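For the protein sequence lines, the chains are A and B, in the order given. Letter by letter, the first sequence follows residues 138 to 250 of our numbering. Letter by letter, the second sequence follows residues 170 to 283 of our numbering.
Just so you know, these hints were derived from the structure itself, not from any lab. Bear in mind the structure is a predicted one, so any value in this text is a computation, not a measurement. Glycine residues also receive a C-beta, built at the ideal position from the N, C-alpha and C atoms. Just so you know, not all the hints are guaranteed correct.
[Unchecked claim] Derived coverage of chain A by chain B (criterion: at least 3 residues anywhere in the stretch with Cβ under 8 Å from a Cβ of chain B; other residues may be distant):
#, segment
1, 172-182
2, 202-215
[What the hints assert, rightly or not] The calculated label-pair distances, taken between Cβ atoms and stated as ranges, are:
#, chain 1, residue 1, chain 2, residue 2, range
3, A, GLY178, B, ARG184, 21 to 31 Å
4, A, ALA215, B, ALA249, 22 to 32 Å
5, A, ILE144, B, LEU208, 39 to 49 Å
6, B, GLN186, A, GLY153, 30 to 40 Å
7, A, LEU250, B, ASN240, 42 to 52 Å
8, A, ARG209, B, GLY185, 28 to 38 Å
9, B, GLY225, A, SER165, 40 to 50 Å
10, A, LEU250, B, VAL207, 27 to 37 Å
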Amino acid sequence: KQEVTQIPAALSVPEGENLVLNCSFTDSAIYNLQWFRQDPGKGLTSLLLIQSSQREQTSGRLNASLDKSSGRSTLYIAASQPGDSATYLCAVRPTGTASKLTFGTGTRLQVTL
Amino acid sequence: DAGVTQSPTHLIKTRGQHVTLRCSPISGHKSVSWYQQVLGQGPQFIFQYYEKEERGRGNFPDRFSARQFPNYSSELNVNALLLGDSALYLCASSFLGSRTGELFFGEGSRLTVL
């Protein structure tokens, strides 16, 4: 059974810092890995998707990496801003399934002024 | 273009009642999935429907059911509500023919069971 763990569970940083969020998964037979952002009480916004054959993806100040063999992914946020405050979730999609994502419990990020 | 839309956004029910949640996928997407997110946890997979057929089911009791309509919209039904069914219910759509298989989520329906 796939298990996804995110560390740390919560993180508070001052504005402008670069930071790394970690995601690990137990079964390396994945099709892709997706990072989401969730604001309190809201739905999920897709940030980055990495295919199993890729090593990293970038979008603006965000960079996500994937090491499938070790079961790890990181989300790097450069020059953090207060607007980045949210919960960040990673989710893996196994091979052979269409839409069944397994999520971690998320990292709650607060960026302070 | 409209994203995934869900209704209602919030609702309150009492134990034993029935609830129906609705989802409209992004135009052109034929796959709809449902997830339950309990406060403080990551979303848990409930169902996936594609071309009006169930293609996947998570570890949820038979009180949970769903269907997909010819226009690819979907309904999630929960019978005999329990306090533990209180959660944010998320709908996601995807275009299964895409190379990436990316899922797009709606804003969710917040269900409170009293």
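Status of each hint after checking the structure:
Here's how the segment 172-182 of chain A fares: 6 of its residues keep a CB closer than 8 Å to some CB of chain B, so the rule of at least three is met and the hint holds. Requiring three or more residues with a Cβ within less than 8 Å of a Cβ of chain B, the coverage given for the segment 202-215 of chain A is violated, as only 0 such residues are present. Between GLY178(A) and ARG184(B) the beta carbons are some 23 Å apart, a value that agrees with the proposed interval 21 to 31 Å. A C-beta distance of roughly 49 Å is found between ALA215(A) and ALA249(B), which places it outside the suggested range of 22 to 32 Å.
In this structure the hint that ILE144(A) and LEU208(B) lie 39 to 49 Å apart at CB is violated, the actual value being about 20 Å. Take GLN186(B) and GLY153(A): their Cβ atoms lie about 50 Å apart, and the range 30 to 40 Å is violated. As the Cβ distance of LEU250(A) to ASN240(B) is approximately 47 Å, the hint placing it in 42 to 52 Å holds. For ARG209(A) paired with GLY185(B), a C-beta distance near 45 Å fails the hint of 28 to 38 Å.
A hinted range of 40 to 50 Å is violated for the C-beta pair GLY225(B) and SER165(A), which are about 21 Å apart. A C-beta distance of roughly 32 Å is found between LEU250(A) and VAL207(B), which places it inside the suggested range of 27 to 37 Å.
Comparing the model with each numbered hint stated earlier shows that hints 2, 4, 5, 6, 8, 9 do not hold.
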